[in-house]
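Listed in order, the protein sequences are those of chains E and U. Per the UniProt record's numbering, the very first residue in the first sequence carries number 1; after that it's consecutive. Per the UniProt record's numbering, the very first residue in the second sequence carries number 1; after that it's consecutive.
For the record, the hints were derived by calculation from the structure and aren't laboratory data.
So these bits of chain U aren't anywhere near chain E, every CB distance computed over 12 Å:
#, residue
1, Pro35
2, Lys67
3, Tyr146
4, Asp290
5, Ser297
One-sided and incomplete, this derived list gives chain E residues near chain U with beta-carbon spacing under 10 Å:
#, residue
6, Gly93
7, Arg145
8, Gly154
9, Ser156
10, His158
11, Gly169
12, Gly206
13, Arg239
14, Ser240
15, Ile363
16, Leu365
17, Glu367
18, Ser369
Here are some of the chain E residues that sit facing chain U, going by a computed Cβ distance under 10 Å:
#, residue
19, Ile91
20, Phe94
21, Gly172
22, Ala202
23, Thr235
24, Ala242
25, Asp300
26, Tyr305
27, Ala370
28, Ser385
29, Leu390
We treat Cβ as the ideally placed atom computed from N, Cα and C, and that holds for glycine.
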Amino acid sequence: MLPSCVRSMCKKSPKKILGLMGRQGSIVAQKGSTVAQAQFETQPFKLHKLTEAPATQVTLTRDEALEMYTQMHTIRRMETAAANLYKEKNIRGFCHLYSGQEAVAVGFKHALRPQDSVITAYRAHGWTYVMGVKPLGVMAELTGRQTGCARGKGGSMHMYADNFYGGNGIVGAQVPLGVGIAFAAKYKNTDGVCVTLYGDGAANQGQVFESYNIAKLWNLPCIFVCENNGYGMGTSTVRSSASTKYYTRGDYVPGIWVDGMDVLAVREAAKFAIKHCATGQGPIVMEAQTYRYSGHSMSDPGTSYRTREEVQEVRQTRDPIASLKEKIISSNLVTAEEIKKVDAQIKTDIDTATEQAKKDKEIGLDELSADITANHLGSDIRGVSIFAPLKHKRIGPAINLK
Amino acid sequence: MVLNKIVKLGGEVLQSAVPLKNKSQRCASHFVYSPDSNSTIKGDRTKMNMFQAINNALDTALKTDPKAIIFGEDVGFGGVFRCTLDLQKKYGKQRVFNTPLCEQGIAGFGIGAAVAGSTAIAEIQFADYIFPAFDQLVNEAAKYRYRSGNLFDCGKLTVRSPCGAVGHGALYHSQSPEAYFAHTPGLKVVVPRGPIKAKGLLLSCIRDPDPCLIFEPKVLYRMAVEEVPTDDYQLPIGKADILINGSDLTMIGWGTQVHVLKEVADLLKEKHSISAEVIDLVSILPWDVDTVCKSASKTGRVLVAHEAPLTSGFGAEIAATIQENCFLKLSAPVVRVTGPDTPFPHVFEPFYLPTKWRCLDEALKLIDY
Ligand SMILES: Cc1ncc(C[n+]2csc(CCOP(=O)(O)OP(=O)(O)O)c2C)c(N)n1
Ligand SMILES: [Mg+2]
Numbered sequence: 001m002l003p004s005c006v007r008s009m010c011k012k013s014p015k016k017i018l019g020l021m022g023r024q025g026s027i028v029a030q031k032g033s034t035v036a037q038a039q040f041e042t043q044p045f046k047l048h049k050l051t052e053a054p055a056t057q058v059t060l061t062r063d064e065a066l067e068m069y070t071q072m073h074t075i076r077r078m079e080t081a082a083a084n085l086y087k088e089k090n091i092r093g094f095c096h097l098y099s100g101q102e103a104v105a106v107g108f109k110h111a112l113r114p115q116d117s118v119i120t121a122y123r124a125h126g127w128t129y130v131m132g133v134k135p136l137g138v139m140a141e142l143t144g145r146q147t148g149c150a151r152g153k154g155g156s157m158h159m160y161a162d163n164f165y166g167g168n169g170i171v172g173a174q175v176p177l178g179v180g181i182a183f184a185a186k187y188k189n190t191d192g193v194c195v196t197l198y199g200d201g202a203a204n205q206g207q208v209f210e211s212y213n214i215a216k217l218w219n220l221p222c223i224f225v226c227e228n229n230g231y232g233m234g235t236s237t238v239r240s241s242a243s244t245k246y247y248t249r250g251d252y253v254p255g256i257w258v259d260g261m262d263v264l265a266v267r268e269a270a271k272f273a274i275k276h277c278a279t280g281q282g283p284i285v286m287e288a289q290t291y292r293y294s295g296h297s298m299s300d301p302g303t304s305y306r307t308r309e310e311v312q313e314v315r316q317t318r319d320p321i322a323s324l325k326e327k328i329i330s331s332n333l334v335t336a337e338e339i340k341k342v343d344a345q346i347k348t349d350i351d352t353a354t355e356q357a358k359k360d361k362e363i364g365l366d367e368l369s370a371d372i373t374a375n376h377l378g379s380d381i382r383g384v385s386i387f388a389p390l391k392h393k394r395i396g397p398a399i400n401l402k
Numbered sequence: 001m002v003l004n005k006i007v008k009l010g011g012e013v014l015q016s017a018v019p020l021k022n023k024s025q026r027c028a029s030h031f032v033y034s035p036d037s038n039s040t041i042k043g044d045r046t047k048m049n050m051f052q053a054i055n056n057a058l059d060t061a062l063k064t065d066p067k068a069i070i071f072g073e074d075v076g077f078g079g080v081f082r083c084t085l086d087l088q089k090k091y092g093k094q095r096v097f098n099t100p101l102c103e104q105g106i107a108g109f110g111i112g113a114a115v116a117g118s119t120a121i122a123e124i125q126f127a128d129y130i131f132p133a134f135d136q137l138v139n140e141a142a143k144y145r146y147r148s149g150n151l152f153d154c155g156k157l158t159v160r161s162p163c164g165a166v167g168h169g170a171l172y173h174s175q176s177p178e179a180y181f182a183h184t185p186g187l188k189v190v191v192p193r194g195p196i197k198a199k200g201l202l203l204s205c206i207r208d209p210d211p212c213l214i215f216e217p218k219v220l221y222r223m224a225v226e227e228v229p230t231d232d233y234q235l236p237i238g239k240a241d242i243l244i245n246g247s248d249l250t251m252i253g254w255g256t257q258v259h260v261l262k263e264v265a266d267l268l269k270e271k272h273s274i275s276a277e278v279i280d281l282v283s284i285l286p287w288d289v290d291t292v293c294k295s296a297s298k299t300g301r302v303l304v305a306h307e308a309p310l311t312s313g314f315g316a317e318i319a320a321t322i323q324e325n326c327f328l329k330l331s332a333p334v335v336r337v338t339g340p341d342t343p344f345p346h347v348f349e350p351f352y353l354p355t356k357w358r359c360l361d362e363a364l365k366l367i368d369y
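For reference, chain E alone in the conformation it holds in the complex:
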C-alpha cells in the first residue's frame, strides 16, 4: 500500500511536487553549480494482483539526467527530421512518429540490463535508437539507404539491433514473438527478460490474449508493455476497448500502471517489472499512459478524431521532455546553459545524419533477391525481369545467430 502522505501529495499537480522535491533533494556532492544527485516523487503506480509497488521516491544522478534528456531530445529531433524527409518524399513505406512517447523508451532503457531484449511494433524509431542504433542508422533506414540499420530493406517499420527484435508491421503480431523470446531466455538461462510492446489498439488483437496465457502458463520472463497513447489510428481507447485499464487485461497476469510521460516513473516501473520477471515470478503487464503528438502516420493529420486543443494541452502540461528539463534544472542537476549546449549538439548531429541519409547510396539491385531464405535451392530467383536475372544471395551474418 502507498503511504497516504504520498497519495495525497500526488493529488497536487505533479509539476509542483516535483519542483519541490527537486529543491529539497538530498545534495550529495557539488559539481560546479550543480548537484550530483537529487530526489523526485513520481505519481503513484496502479497495481493489479500485486502487493508491492515500486518506490515513488526516486533518485536521479546528474549523469543519468543528462543522458535521459539527451536521448529523449534526440528522439524528438529525429522524428521532426523524419517528418520533413517524408514530406519531401524521401521516405517510402509508411512512417509512424514516436514524438510524445519518448519517456517510455528512454525510461525503460535506463532499467534494462545487457541480457534483456525488446520487441515492438511499427512505431519503432525511438526504440531502435535507444537500443543502440545511431541516428544515421535510423534516418538512413527511413530513406532506404545502405547505411540504414537494415540496409534500407526494412524502412520505417522494420528496424533492428542487438537484442532488439524489431520493428513489426502487422499490429499485434510481435506480441507472441516476445513470449517466444522470453522463453528462449529462460531456456538458455540468460536471466534476461523480454520487453514486449504493443499499442492500445493492438491490445484488442486475439494473439495478445493467447500470449498472456502462454506466458503465465509457462511462467516466462515477459514484460508486456501496452503503450497507451489514447488512439489506435482514429479510434480512441474508449471506442476500441471494453476495458481501458490495460494493465489489468492480463487477468491472471499481474499488472502495473505507470505515467508514461514521466521518464523517472517509467524507469522505476521497468526496474520493478524486470525484478518481477527475473526472480521467477512469471510475466507482468504494464500500461504506460502516454500520448502521440503527430497523426497516426504521415498521411493522418491527426486532428479529425481529436481536437487541436487536446494535443496542445498535453504538449503544454505533460510533455515528457519539458517536464524532465524543468525538473533537472530546478533541482540543479544540470544548468540551463548545459541544456542549451546539449540541444545545439543534438541539432547538429541530427542535421548531419539527415543530410547523410539523403546522400548515401542504396543497396544494389542484386539485393532485391538477397536473404529470402538461408539456403536457396536453385539458381536464379523466379520471376525477376529478364533485364536483370538475379541469383539468390546472402548478406548476413544474422545478429541472432551470432
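Given chain E's structure and the hints, the job is docking chain U with the ligands onto it.
Structure of chain U with the ligands alone, referenced to chain E:
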C-alpha cells in the same frame, strides 16, 4: 528490332523505364489509367473516382437492404481510403460502425452476422492485414454451406480490402493476396479495374449468395475517374471483359495490371503492328475459362501478368488451364509476367512490378517464339 535492343541494353533500359526523376524517391505510379469507354449500363451518370463509386455502391446497399451493415477499422470516419465516408452520418451507428483492431474477430463476427441473416459488409483495412482473418475466411466462411449440408451458409458476407502497389507502400501496404484465396472452394474473389466495375461488382458481391472477397487496387481509389451510372446496377461475377480485340496475342490481367496491358497493347500496335487482345479477368474465383480459352485458341499466344509473385500466383492456374484446353492451338508456351519470388520490396518497387516494359519485352518474345 526493338527487342534485341532492349535485351542488349539490359539494365540501362530498365533504369530508364523507371518512371522517376530521382529513383530513390517515392514514385507515383507505373502506369497510365484509362477509363472504360464503352460501358453499356443505362441511366444517368456522375463523375466519380473509385472510392466514390464504392461509397455509392455501399450507400445503395444500405438504402436498398435494411439488413445491411458495414463495419471495420475506422469505417465510421470513412475509413483510411474514404470509401465509407458519411455513411455513418446517413445510416447511423447501428449500421455503420468501427470495430476494434482485430481482423480475425472482424471476419468471424461478419460470418456470424451473415449466417444469422444480416448482410454483413466488412472492411479489412489493407489486404496485407487479411492474414490474421485467413483462418476465419478459409476454414469458416468458405466451408459453412458445404459442411452443414446446406443447412447454414454465410453467403451474406462480403469482405472488401484494398490491395496492390501504390508506388511507395513497401512490404506491408502493397501485397496482392488473391491467389491464396483462389485456392479455397466456397469463396468468390473479384478485383475491379475502375469505378464502374467497382460499383457493379461490389453490389453483386453484397447480393451474391456466397461469401465474397473484393480486392480493390488502392492506387485506383483516387486516380481512376469515370462517368459512373448513378442507378443501382450489378455486374456479373465470373465473367471476364475483353477490353481490346486482337488477333496476334492475348494479354490477361486484373485490377491495375489491366491498365498496364492496355498501354502495352497500344505500344505493340503503334510500334510493331502487332494486334493484341486485352482481357480483364475481373473475377479470380470463379474465373472465366471460356472467354480466356476462346481467345487463347484464336491468337495462339498468351501472356498473363499480375503483381503477386510468380510461383503459385493466379497466372499459374490460367497457364495450366490454357495448356490443357488449347494445347494444339498454341504457337508458344503461355508466359507469365509477375512480381518475382521475393517479398514486396521497400526500395525496389519499380523493379519489382510487371511494368509495361517488362510486359512489352515478353510479348515481343512471345511473337518471335
Ligand atoms: C493486422 C493489422 N491490422 C491493421 C493494421 C493497420 N494499422 C496500423 S497501426 C494501426 C493502429 C494501431 O494502434 P495502436 O496499437 O494503439 O498503436 P499506435 O499506432 O497508437 O502506436 C492500424 C489499424 C496493421 N498494420 N496490421
Ligand atoms: Mg495507440
